[in-house]
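Read off the chains here:
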Amino acid sequence: MMLPKATPREELLTNLRAAYARMWVRLRGSNREVTGLVAEIGLPILTIGAYVILYRAIGLPPTAGAAVIIGGAMIAFWTNVLWNMSSQWFWERESGNLEMYLVAPVSRMSVLLGMAMGGSVNTSIRALGIVLLGIFVFQVPFQLADPLSVGLVFVLTLVALYTMGMLFASIFMLYGREAWNTASLLQEPVYFLSGAYFPRIYAPVVPFALQAAGSLIPMTIGLDAIRRLAINGEGVAAVWPHILALIACTLILFPLARRALNYMESLGKKEGRLTLRWQ
Amino acid sequence: MKRDLSIETKSLRRLFKGIPGKGDVVALDQVDLEVHDDEIFGLLGPNGAGKTTLIKILCTLLLPTEGQALIKGMDVVKRASQIRRIINLVSGGETPGYGILSVKENLWFFSQLYGLPRDFAKDRISKLVDQLELQDYLNTRMSKLSTGYKQRLNLARGFVNDPAVLFLDEPTLGLDVLSARHLRTLVKDWIRTGGKTVLLTTHYMAEADQMCDRVGIINRGKVLACDTPQRLKTKVTGGATWKIEITPSLSELESVKSIPGVIGLSTTDNIETGVTTLKLVLEEESIMSDLLSKIRENGSKVLNLGKSEPTLEDVYISLVGTGME
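If you're matching them up, the sequences are chains A and B in order.
Just so you know, this note's numbering puts 713 at position 203 of the first sequence, and the rest follows in order with no gaps.
Just so you know, this note's numbering puts 54 at position 7 of the second sequence, and the rest follows in order with no gaps.
Bound-form chain A, shown alone (with noise of 0.2 Å):
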């Protein structure tokens, strides 16, 4: 006795539903305590606060704290997807939530989709909370010529960082405890190979192939973008390459997420990885 198979709408619409519904619980989960709130917005800004004051202090010209302002803004991103999604399916197979996705018939894909959309509308309000700081207590320059044109190279730059992240969350699923060590290990060198916390004036002095290097992390590339049309006040045709860099990104990105979410998953299976617990 064979039962039908569902249709693809079917498919589709269960595996928005569970992506909607893993977004919610992010949302919801994230923003229940008021501690949460407070560590995830309130504690960054001290940061970004540090580096403003000292790069006046210095003497820089008031740009150079417009660029770690968005660079503040910028990392949080590279943060939530380092900590939030890639190390996540560790976090979800402890909790026994992992064999509950895979038991469910949905793609995989729709649950980092859902983490990924929760992770970026919660670290937007963070990154708001920095820029905003900038504007209003540290009063840094902008230069907006076109506006339009940063909210694309941002929506971009979120979409081609998430991707990278579905990535990161795909190679991690077999991982046990060193998931933790391999998102620590990425994240304080991207901090300096994006160069998120100091100006571009002193880019020059970072050896080239470092800078090479960086710029594989697509937050890198959208970083250097949105300084030049928020900043500099350059228009889109200044970012052209950026753009081109980062869709090229999420297209290369994202079917080897797939791929790699694919073959993780059937080796676990193989394996008998998936379930296994405090490793």
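I should point out that these hints are in silico values taken from the structure, not numbers from a laboratory.
Quick caveat, the model's predicted, so the values are computed rather than measured.
Every residue, glycine too, gets a C-beta built ideally from N, C-alpha and C.
Watch out, some of these pointers could steer you wrong.
Here are the simulated DSS-like cross-link-like pairs (lysine-lysine), alpha carbons at most 25 Å apart as the crow flies [claimed, not checked]:
1) B/Lys-243 <-> A/Lys-515
2) B/Lys-326 <-> B/Lys-348
3) A/Lys-780 <-> B/Lys-69
4) B/Lys-354 <-> B/Lys-280
5) B/Lys-125 <-> A/Lys-780
6) B/Lys-304 <-> B/Lys-280
7) A/Lys-780 <-> B/Lys-269
8) B/Lys-269 <-> B/Lys-69
9) B/Lys-290 <-> B/Lys-125
10) B/Lys-64 <-> A/Lys-780
11) B/Lys-57 <-> A/Lys-515
12) B/Lys-174 <-> B/Lys-191
13) B/Lys-243 <-> B/Lys-304
14) B/Lys-169 <-> B/Lys-269
15) A/Lys-515 <-> B/Lys-125
16) B/Lys-290 <-> B/Lys-326
17) B/Lys-64 <-> B/Lys-354
18) B/Lys-326 <-> B/Lys-304
19) A/Lys-780 <-> B/Lys-57
20) B/Lys-57 <-> B/Lys-269
21) B/Lys-151 <-> B/Lys-125
Estimated spans, in silico, between C-beta atoms of each pair [to be verified]:
22) A/Leu-695 <-> B/Leu-220: 48 to 58 Å
23) A/Ser-694 <-> B/Pro-67: 23 to 33 Å
24) B/Leu-220 <-> A/Ile-563: 52 to 62 Å
25) B/Lys-169 <-> A/Ala-748: 50 to 60 Å
26) A/Leu-522 <-> B/Thr-315: 27 to 37 Å
27) A/Leu-553 <-> B/Asp-236: 45 to 55 Å
28) B/Leu-350 <-> A/Glu-781: 33 to 43 Å
Once you have looked at the hints, place chain B on chain A.
Showing chain B alone in chain A's frame:
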């Protein structure tokens, strides 16, 4: 009338390679099993017998090394996504979900993994909450629930997609007597709605005896016997089952086990009274005198001795050689 098969395994084998300290482990070895529609099928076996491995294969969480496993005629390897629409899994002692979310929110979340439309999901959740008596905890965060209520929530989650085949892996683990009884009643009522199948693993013999239409006894990856509890009792315990109370406990249990004619032996110690109860399955009654001598040699005194009606536990003891403990 022949009923359709809900679960079928054919020569199913699962090998785990390179387990630290054990090397290669055969978790399932040529398992042939048939479970029908409208049946509660129990799987009994000691820890490491292969029960959970079997459930994981049937739930599409693990690939078989050899052989085939089918759910409603569909191969678990080739038709995994179709199978996932009609199954669900509840594991005892597990609390999937998000602690920061309420009971209602968690159930809604899991209903969305099965694509239930909003109003339909709301109705389903409302019914489940009533059936599992979770009404008073609807808006309580999962992290604040007691173990028993967490398990009720876990069970409600298992029913959320109204699965055709439900896998219950030791569902009453850690539950108090009333909650466990409530859960058993609920599962039995649910199966009566028709077209459902339950595969249950448990350590509790009475639970299996009370709930299951048929029982399979599994040890070291092999199914040793499979039938209704009643038939198993008459078939397997053709010999005699005895209950002996002694004090103090046996110093050398193996010396009693090794007496020719002792098919199986389990012991239960009562710490308060210092009395140990031996449950024995013997080939024939004539070996009782050897047995009593051996008990005396061990320095124990026999307090009580009597023949008992065979239970599922006796079946288990006679097949596996020891009790569950």
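We went through each hint and held it up to the structure:
1. With a C-alpha separation of about 19 Å, the suggested pair B/Lys-243 and A/Lys-515 falls inside the 25 Å cut-off, and the hint holds.
2. For a cut-off of 25 Å, the pair hint linking B/Lys-326 to B/Lys-348 stands: about 16 Å separates their Cα positions.
3. Simply put, A/Lys-780 and B/Lys-69 have alpha-carbon atoms about 19 Å apart, close enough for the 25 Å limit, and the pair holds.
4. Using a Cα cut-off of 25 Å, the hinted pair B/Lys-354 and B/Lys-280 holds, with the two alpha carbons roughly 15 Å apart.
5. Proximity of B/Lys-125 to A/Lys-780 is assessed by CA-CA distance (about 14 Å); at most 25 Å being required, the pair is judged to hold.
6. Our distance criterion of 25 Å between C-alpha atoms is met by B/Lys-304 and B/Lys-280, whose separation comes to about 21 Å.
7. Proximity of A/Lys-780 to B/Lys-269 is assessed by CA-CA distance (about 21 Å); at most 25 Å being required, the pair is judged to hold.
8. Note on B/Lys-269 and B/Lys-69: the hinted pairing holds, with a Cα-Cα distance of about 18 Å set against a maximum of 25 Å.
9. Using a Cα cut-off of 25 Å, the hinted pair B/Lys-290 and B/Lys-125 is violated, with the two alpha carbons roughly 50 Å apart.
10. For the proposed pair B/Lys-64 and A/Lys-780, the alpha carbon gap of about 10 Å is at most 25 Å, so the pair holds.
11. Distance check on the hinted pair: B/Lys-57 and A/Lys-515 sit about 24 Å apart at the alpha-carbon level, within 25 Å; holds.
12. Restraint check for B/Lys-174 and B/Lys-191: the C-alpha separation of about 22 Å stays at or below 25 Å, so the hint holds.
13. The hinted pair formed by B/Lys-243 and B/Lys-304 fails the criterion: a straight-line CA distance of about 42 Å is larger than 25 Å.
14. Note on B/Lys-169 and B/Lys-269: the hinted pairing is violated, with a Cα-Cα distance of about 43 Å set against a maximum of 25 Å.
15. Between A/Lys-515 and B/Lys-125 the alpha-carbon distance is near 13 Å, which keeps this suggested pair within the 25 Å criterion.
16. For a cut-off of 25 Å, the pair hint linking B/Lys-290 to B/Lys-326 stands: about 5 Å separates their Cα positions.
17. A C-alpha spacing of about 45 Å is found between B/Lys-64 and B/Lys-354, which places the hinted pair above 25 Å, so the restraint is violated.
18. With a CA separation close to 11 Å, the supplied pair B/Lys-326 and B/Lys-304 stays within the 25 Å bound.
19. Proposed proximity of A/Lys-780 and B/Lys-57 is supported: the alpha carbons are some 19 Å apart, at most 25 Å.
20. For a cut-off of 25 Å, the pair hint linking B/Lys-57 to B/Lys-269 stands: about 13 Å separates their Cα positions.
21. In summary, the hint linking B/Lys-151 to B/Lys-125 is not supported, as the alpha carbons are separated by about 34 Å, beyond the 25 Å threshold.
22. Range check, A/Leu-695 to B/Leu-220: Cβ separation about 38 Å, and the 48 to 58 Å hint is violated.
23. Taken as a hint, the range 23 to 33 Å holds for the pair A/Ser-694 and B/Pro-67, whose Cβ atoms sit roughly 26 Å apart.
24. B/Leu-220 and A/Ile-563 have their C-beta atoms about 57 Å apart, which keeps the hinted 52 to 62 Å range intact.
25. Between B/Lys-169 and A/Ala-748 the beta carbon distance is about 51 Å. The supplied range of 50 to 60 Å therefore holds.
26. With their beta carbons about 56 Å apart, A/Leu-522 and B/Thr-315 fall outside the hinted range of 27 to 37 Å.
27. Between A/Leu-553 and B/Asp-236 the beta carbon distance is about 52 Å. The supplied range of 45 to 55 Å therefore holds.
28. One distance hint, 33 to 43 Å for the beta-carbon pair B/Leu-350 and A/Glu-781, is violated here, with the actual separation near 52 Å.
The structure fails hints 9, 13, 14, 17, 21, 22, 26, 28 (numbered hints given earlier, in ascending order).
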